[in-house]
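Chains as they are written, first to last, in our numbering: chain A, 1 to 634; chain B, 1 to 622.
You may find that some hints are simply not true.
Unchecked claim - The calculated DMTMM-like cross-link candidates involving lysine to aspartate or glutamate, where the alpha carbons are at most 20 Å apart (straight line), are:
1. B:601 - A:411
2. A:232 - B:97
3. B:232 - A:509
4. A:608 - B:407
5. B:410 - A:509
6. B:430 - A:425
7. B:430 - A:411
8. B:430 - A:428
9. A:612 - B:424
10. B:59 - B:97
11. A:232 - B:504
12. A:232 - B:506
What the hints contain is simulated information worked out from the structure, not anything from laboratory work.
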Amino acid sequence: MLRKLFPLIFLLIPFLSVAQSNPEDSAWIRENYIKKEVYIPMRDGVKLFTSIYLPKDTTEKHPILMTRTPYSCAPYGEQNFSPRLWLSHYRYYARENYIFVTQDVRGRWMSEGQFVDVRPFIADKKSNTDIDEASDTYDAIDWLVKNLPYNNGNVGVMGISYPGFYSTMAALSGHPALKAVSPQAPVTDWFQGDDFHHNGAFFIMDGFSFYAGGFGYPRPQPTTIGPRSALKIPTNDNYQTYLQIGALKNFMKLTGDSLAFWKDLYAHPDRDAWWEARNPRNFVGDIKPAMLEVGGLFDAEDCFGAWNLYKAIEKKNPSSHFNKLVMGPWYHGQWASTDGTHLGNVQFGSNTSFWYQNNIEIPFFDYYLKGKGDISKLSEATVFMSGANEWRQYEQWPPPNSQPTSIYLDDNGGLSWNAPVTKNDFSEYISDPAHPVPYTEDIHFSRTREYMDDDQRFASRRPDVLTFETGVLDNDLVLAGVVTADLKVSLSTTDADFVVKIIDVFPDDFRYPGARPQPNRGVGGSYPMGGYQMLVRGEIMRGRYRNSFSNPEPFKPNKIETVKFNLPDISHTFKKGHRLMIQIQSSWFPLVDRNPQQFVNIYQCDDKDFIKSTIHVYHDATNPSNIILPVLKN
Amino acid sequence: MKNLFCYVLIVPILLFQSVLTFSQPGAGQQFVKDNYTKREVMIPMRDGVKLFTAIYEPKDDSQAYPILMERTPYSCSPYGEDKFPGRLGPNSELMKEKYIFVYQDVRGRYKSEGNFQEMTPAIDHKRSNKDVDESSDTFDAIEWLLKNTHNNGNVGLYGISYPGFYASASLPNAHPAIKAVSPQAPVTDEFIGDDCNHNGAYYLLDNFDFYSYFDGEKNEAGDSYKSLFNAKRTDAYQFFLQLGTLKNANGPQYFDGKGIWGQTLQHDTYDSFWQARNIRPHLKNIKPAVLVVGGWFDAEDMFGAMRTYEAIEKQSPKNNNRIILGPWTHGAWAGRSWTKFGSYDFGSNLNEYFQNIETRFFNYYLKGKDDFNLPEATVFETGTNQWKEYPAWPPTNVTNTPFYLEDQGKLGNEKPKQPTSFNEYVSDPKKPVPYTNGVYARRNNEYLVEDQRFAEKYPEVVTFKSDVLTSDVNVTGRLKANLFVSTTGTDADFIVKLIDVLPDDEPNPDPNPRNFQMGGFERMVRAEVFRGKFRNSYEKPQPFTPGKIEEVSFDMNEIAHVFKKGHRIMVQVQSTWFPIIDRNPQKFMKIPEADESDFQKATIRIYHDALHPSNIVLPIMK
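Extracted from the complex, chain A is given alone in its bound form (with noise of 0.2 Å):
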């Protein structure tokens, strides 16, 4: 959802390439283009900004693909022209004459009225003075079908990240011109598992450099000019940074008042009412609109929003309705980028980004918007499988023949599919809020997008966490679909986070092919991969929710208590001669904020609240820690 810094700067940079290759395109657009920017009246007298790019083809009519944004449609002014039209794969359906319309939603940038972070969904409007994004849109539709020039009269949506949760909503306008809807990597739920918090845990890191960095700043006048961030805090180590300013409360001293949606997450520190308005997939049910959820695998942001929002579709809505899933071994919106080959380390065999592109993202809009081709063969989930690097296609997700099996935690560091025997068995740690375990081994200050696929040898050397690993796998392990942690722990205070990691050990001799052999990592080396330890999957549970996660409880210190858990979705081959490794531990910094292991409110405490938790993880008979993965079976 940190969208807003990505199309700018991370996305640039692959298209430059492509642009350097397609030198016409630019030109070409705009030859073939005009652009229009209007303001369309809500039905509240609200008028929103909207920017249009028409194709001066006039021979027959074209369909309407539409982003709504909190992000800008920058460039202003109609002679400028955006160059993802010509640097990304929108230069495809530019080829194809569609219409792009991109708005910025209520409140932000050139548009009027107020700004509300993921403004909830009113299912029962009562007048037009009820509005929400799904009657913005659904206005916006409306006017842009009885304008617009040779519109064809279908209209699409789509969206990353936070663009993406504007795409849900647009499903739920139910606009009957609205064909097709794509919220890739939408942002879903807040407190669930998107951005901000994950299972009630506080995304300090993406939290605080997203609000306090600009985008909660007041915006009391439509403007084209964006907010700089007034804070003054040294950026050169995210994790000295964040540990000196310390407790949230000393975040809240340096953001000041003026942040509306920051307050509301300090008032809202476990899942209330509040964040059950703030969450689509209450309210997807009965959707028209053909829809296609996408998202990746590595998404630091919004893993959780692309598999979840699927479910949530599906389980509300007719098995007739067109829903599908996609998802590939990406990063935050690297589907729509020309790179899709590798992620850190880590290579996909295949430039993936352009066959999704080609192969599934541009054929379900000319379909459903132009008519043109057949999408009958799209499968119900076109999943990426990282490992063995190759697509696999499924009739359901999570695939039926996907067993949940328990491997269970052993002493001695290994993980065994049979539960242990022995009595009275624990691995343990101390968690100390002062030195909490690093997200990622470098020194830098901008979460870093590859930490989800990073090698965790750094933190296997840690004392405070714990690696329980299987021996050389005979045979390929392959895990598609849903994993759950169900760890039986004990702890020396009163709460406590459990970040569980699944990871994918190379072999010691493992090189990429072409690969050149570096027994040393020297200056401009490539890295070592043998032996590398590649977070595969990784997912932090706040244990007071681990009953409930509106209802927090204390830990009784010392008692043995059940702390079970769901990480994201996996699709992930340990390729035979690989290991399968997990590790648990109880930070996660500064990614994470810091549990004080104390049960009381994180984010009213106070510095000296933190303290010290020795904690057990047990693995014996009576207390069988164990991760139940979804072993595909054949």
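Given the coordinates of chain A, work out where chain B should sit on it, guided by the hints.
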């Protein structure tokens, strides 16, 4: 040296340099071939053993030349009278100056006869021709050379690392023809501070790699050694952790308890084996001029350079003894260029400066050429990046100033007043603190200047830092750590690191190909380890009484570093540094005999109260 680096690093540097100097491959060899004739001879020693010697004499025989000699356990290759190296002598200027360059395989190594001994013990009073040592072998070689070459009667010796030891070893009872000797990073005392151990702590990674190569079997021709075993790995940390105890490393798959490695483990205290191999007591009544060279960032023999200079200074006060210390890694001064290291940029080629001194040293003492007014100590000051000269080393105009570890991670000059105050950490031999950040198969040669932010994040590393400095603090001289500690075990290691914390707004280099994040960079200036059981005696280790507060004080050698205004001074303390140092079982015992089950966690306290004011003593220069 010891260490592969002689072989792996120095040799390539020399070859590389000659290539650069002459700008095309083979040009160095061609120069040597065009200007020198080569002879290979077996020189007989007094006990009849013959040592293989390669002699390169200038073709220009219009005058007699001095002899400049290196004695080495690493081979005087290339072998063959028609084979020439890319460079002769310690630097290429000296090669152009014309000397008789002599390389000799030391007794027992490569093509020389006899038995090799690790760090041959010196015999001050020889009773017969059977009493041989490196001094006598050097003496005998020189006798022969003086008679069999067109020389001017003057001999110089030099050498880096192990050859540095052979240079030092020529000094006691030196042949009168020896006029100038330059021991460079000389291996000096392998229990206290060089290579094999520092303060009794075993240098696992270096020893394992060095001895497996160095102590292998010699082939029949005597021109190569077969490694004892081939242990492939990508991650040294993981490899050694899985290898486990020293006992395992000593197993049949690896060293099989034999050879030099086996000896180093048999002698786990500062016993007669190690004492006999400490050259320092023998450096008395030294006559030849001496130029000791050492590197601040020498991971192997920094101790040897400083302590060899010191021993000669104290025991041979009339000797022309000088020292040069620069920001070099092991032997880096012999390369063509040294302008940058790690995140340091020295701003100029320090090797040009040094090699000019080296050339003038030998020219003056062996050829009587020009004059030579080098001050007692020439040291490169890090932090300000400039050469400094001192009339004494360490300089006398410094105030040894304790910096006290304090509560709340502070470091200051005020002696603590609280009745009780300490930091506590659990040291777990199963999860030792890595010596470097990241995955390295071999030793990361930059670890001595590495950013220590990674270490600060470990719960078992305690960190103390000063306020932001309001003026430059020049620390030049000898460092000392004085810790007051207790442990729940009966033994423990203590690693003390002195760190320069750069300001938050320190700019990154431009360009920045290594992606250094200089703002807040915690640049290590010096680090040293001490194995706790030797706190009262290296000969007679003593257990700790669990829970009892004891003092652990140790020397950290000299530095010359300016902590600039706006920086902070930081001290980190930890009890593991892996796999540079073997793991201490934290139980008082002969560590080479420890089983995995002997390795236990220990809760360690570092005290900073009124009665137990742990501190680090910095020599502050006004």
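Margin query: Does residue 97 (chain B) sit within 20 Å of residue 59 (chain B), going by the straight-line distance between their CA atoms?
Written below: Roughly 13 Å separates the two Cα atoms, so the pair holds.
*20 Å Cα cutoff - pair residue 232 (chain A), residue 504 (chain B)*: holds (12 Å)
- request: Measure nothing beyond the straight line between the CA atoms of residue 430 (chain B) and residue 411 (chain A); if it is 20 Å or shorter, mark the hint as holding.
  value: holds (14 Å)
Can the restraint linking residue 612 (chain A) and residue 424 (chain B) be considered satisfied, given a maximum Cα separation of 20 Å? Roughly 12 Å between the alpha carbons, so the hint for residue 612 (chain A) and residue 424 (chain B) holds.
- For the pair supplied as a hint, residue 430 (chain B) and residue 428 (chain A), is the alpha-carbon distance within the 20 Å limit? holds (13 Å)
* When you check the alpha-carbon spacing of residue 608 (chain A) and residue 407 (chain B), does it fall within 20 Å? -> With Cα atoms ~15 Å apart, residue 608 (chain A) and residue 407 (chain B) stay inside 20 Å; holds.
Point to revise | Hinted pair residue 410 (chain B) and residue 509 (chain A), Cα distance within 20 Å | key: violated (45 Å)
Exercise. Starting from residue 601 (chain B), check that the Cα of residue 411 (chain A) is at most 20 Å away, please.
Key: holds (17 Å)
Quickly compare the C-alpha distance for residue 232 (chain A) and residue 506 (chain B) to 20 Å and report which way the hint goes. holds (16 Å)
- For the pair we were handed, residue 232 (chain B) and residue 509 (chain A), check the Cα-Cα distance against 20 Å. holds (9 Å)
For residue 430 (chain B) and residue 425 (chain A), compute the direct alpha-carbon distance and say whether it is at most 20 Å.
holds (18 Å)
- Query: Is it true that the CA of residue 232 (chain A) sits at most 20 Å from the CA of residue 97 (chain B)?
  - Reply: Distance of about 60 Å is beyond 20 Å: violated.
Of the numbered hints given earlier, the model fails hints 2, 5; all others are met.
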